[in-house]
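Using the sequences plus the hints, can you model the full thing?
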Amino acid sequence: MNDNLSPALTRRSMLGGTLALGGFLLVGCGTDNSSSPGGGNGSPVKTLRVGVTGDLLLSSIQRFQANNQMLRRTVYDYLLDKSDDGSYTPSLATAWKWSSDQKSLVITLRDDVKYHTGRAFGPDDVIASANAALVATSGAQAAGLLKLASGLKKTGDNEVTATFDKPFPGYLDAFAMLPIIDSQTYADAPSGKQVIGTGPYTFGSWTAGSKYTLKRNPSYWQSGKPAFDTIEVTVITDSQAMLSALQSGQLDMVDGMVLRDAATLKKSGKFTVQTSATYDIYVGVNTKVKPLDDVRVRQAIAYALDRDRISSQVYSGLAAASCVPWPSNAPGVTQEQVKHYSYDLAKAKSLLQQAGAVGTEIELAPIPSDPSVVAASQIVQYGLTQAGFKVKMGTYDSAAFATHVQAGDFPGLWITNVALTTMGATTALLTANPLTSAKNTENFVTPEYASLVSAVVDATTDKLPAATAALTDYMLEQAFHNTLVQGQTPVVAVPGLSGVTVDRTLAVNLTNATLKE
Amino acid sequence: MIRYTLRRLTGAIGVLLIASVAVFALLHLAPGDPATVLAGPDATPQTVAAIRHQLGLDQSVPHQYVSWIGQLFSGHLGDSYTIHQPIGSLIAQRVGSTLQLTVAATVLTLVLGVAMGVALATSRRRVVTQTLDYLATLALALPPFVSGVILIFLFAVVWKVLPSGGYVALGQQPGEALRRLILPSIAMALPSAPVIARLLAAEMRRVAQQEFVLTAIAKGAGRRWITWRHIVPNSVGPAIIELGIRIGQLLGGAIIAEAIFARAGLGSLLVQAVESRDYRLAQVLLLLAISAAILTQLVAELCIAAIDPRVRVGGTA
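Line by line, the protein sequences are chains A and B. Residue numbers for the first sequence follow my numbering, so the first one is 4 and each next one is one higher. Residue numbers for the second sequence follow my numbering, so the first one is 123 and each next one is one higher.
No wet-lab data here; the hints were simulated from the structure. The structure displayed is predicted, hence computed values, not measured ones. Heads up, some of the hints might be wrong.
Stated by the list, open to error - In silico BS3-like cross-links for lysine-lysine, where the CA-CA straight-line distance does not exceed 25 Å:
| id | chain 1 | residue 1 | chain 2 | residue 2 |
| --- | --- | --- | --- | --- |
| 1 | B | K282 | A | K49 |
| 2 | A | K273 | B | K282 |
| 3 | A | K117 | A | K169 |
| 4 | B | K282 | A | K270 |
Below you can see the structure in the form of structure tokens.
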């Protein structure tokens, strides 16, 4: 009888073999850095590896939405760009001119631009792009501005003219946030079959939910650009996995990293952190629900928000405490308005007592997809509890949360953001659900608000600061939309990466980006 | 055996049909729908209604169920609402990653479980059994989302010897594919292996007292021969059943492992589908997961029935 099942394979040899195999796998293979062939000698890298937090939503490429921010300025171009000071710079449009009565706008287009299919870009494409945004199912926010034009027509080989029944200077914002699509292939875009634009990169392959690649457009109208042959974009939804991928050298750049992680990496000094224009992160109040219909209760909430603590502890300085929804340097916004509500529990308690609402139970629901907001909600909960509210935390998944934002039927308070405020008050007031005057998420609809919003929307450039200031004062007094901080979208990158910019639509522009090892 | 197989198969199909109703109803009962997600946060009610109509979501729920199940029976899985690609091809893109991970985790569970189980049952040194027992408890207490983060931190961030995640097809770069499998499969196998080990050890201790084992000892058979030829084969029954259940759990656990290790598999696709309320995609993926669990359970039961005639005659193991 054989006492040994496999005499040739002793325990000792098996252990040795296992260790050898393990050693080979662990050390022998090394880390895969094949996609970054720079070699560490300062030579330019031809492949950029980017991490993003969400997959593409190609059926809504014209929408201002986080999913498509890596595509909106790489595969596509806009007619023009909006600068931080509110002025516009040319892109596919070379010039634009308002009529003296501001009821007509003539836009002149470049004549040397071609789509990735080789077809020449022209005025019909601008009209087709606007019409695509105006389709009932598009959901593109630019439609809120585009529909205010009474007409948009081709008036020359390289010219389109928009006409208006009444002056609307804010119209140009629409073309500073609208990717110009190719009408001939647009039907194939949602599935990724043909994603065609005029941008510096062409759309390569797409494995839904996993990764996509962009290839250099050799015929790009800005000669000599872009620098990378390939951009490999990996979708990593878990924030910890994203952090690990960047720290372990698997990525060169991350767009939309959780702000607290970005702050940690910035402190480490091993990565660069670039931030975008600031956008509004706020506590919304459903004014239809009692006792939140009482302005004193809403003001008590505003005083119970410890904005400075949220800014320093949650965002580590990458978001600034503020009480107004617009960037602090927006025309008409004053520092008094930015700091209007200090953290004052005594005032909050007093207002709550006056309203007879001490001990009222209210629900507080943070947007689930943003860990920073979830962390901020704990500080908000603490402040509200100290002020005399009984706070119940509401939990929703992303789709349910979006449904409530759209319907305006949160049972109490919620915390989320309005990214559209980066474009300025006019555009945000016409397109962002929490701020529109006819219907909004807070259900705050008053003649005064409608009138003040109209004043901002209709204001000419010289009258905009005063109109914005008046509206902001009213919003602060009514406290239905309580801004916590002005947040930023961070782009975290390895030190050798330069030339990356984030525009006011929070889209990443890699046209001038280069990476050196 | 044929009658037993048919009986089990009929039961499995019945469970699958009931599951299809439950899956469909649960997803449709959840707040929000694909139109909400596709319309975006700033959409007007008119936009949401137009998208809902375009997708056929304004029809009654029973009508939608009948339409969907009819489509499935005719062999069409349909297109994803949000990705706009055929669901079949989306699954085909992802199934390799999940299968790789599940197979690797199962093999590792089996190897670790059997090795620990045999060592626990046969070792005469108290220090060995106690150490193994502590290790088993520790592994059992470490869910993949904890062990995964620890493994990534050590092997990918600190020592930089293994990638922190990602998926490479085995057919394209076998070496790289295996390297990317190591950490997630360890994380997934760690809590499962001790269960197999303890079940096997307990059963081996029971079998070791059986007369045929004592007879073999009396006849002078070697210890190793008795263990591997007589005790282990007669002790693996409960472990096989448990492994069948564990494979289903490992498939479920792939959702977490794929998120932590950024692997594009069916688990992460399911999470994406549920979060975006992509009913069609989520329904098919959930039914697929249920089918896999039923199938593995069925195979385990048939294996036991094949080994033990008492089971197929009508009793239980």
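- Message: Holds or violated: K117/A and K169/A, Cα atoms, limit 25 Å.
- Response: Cα-Cα ~34 Å, so violated.
- Message: So if I understand the rule, the pair passes when the alpha-carbon distance is 25 Å or less; does K273/A with K282/B pass?
- Response: Between K273/A and K282/B the Cα gap is close to 16 Å, so the pair holds against 25 Å.
- Agreement of K282/B and K270/A with the hint, judged by alpha carbon distance not exceeding 25 Å: With a Cα-Cα distance of about 21 Å, the restraint between K282/B and K270/A holds, given a limit of 25 Å.
- Proposed proximity, K49/A with K282/B (alpha carbon, max 25 Å): holds, 23 Å
Checked against the numbered hints given earlier, this structure breaks only hint 3.
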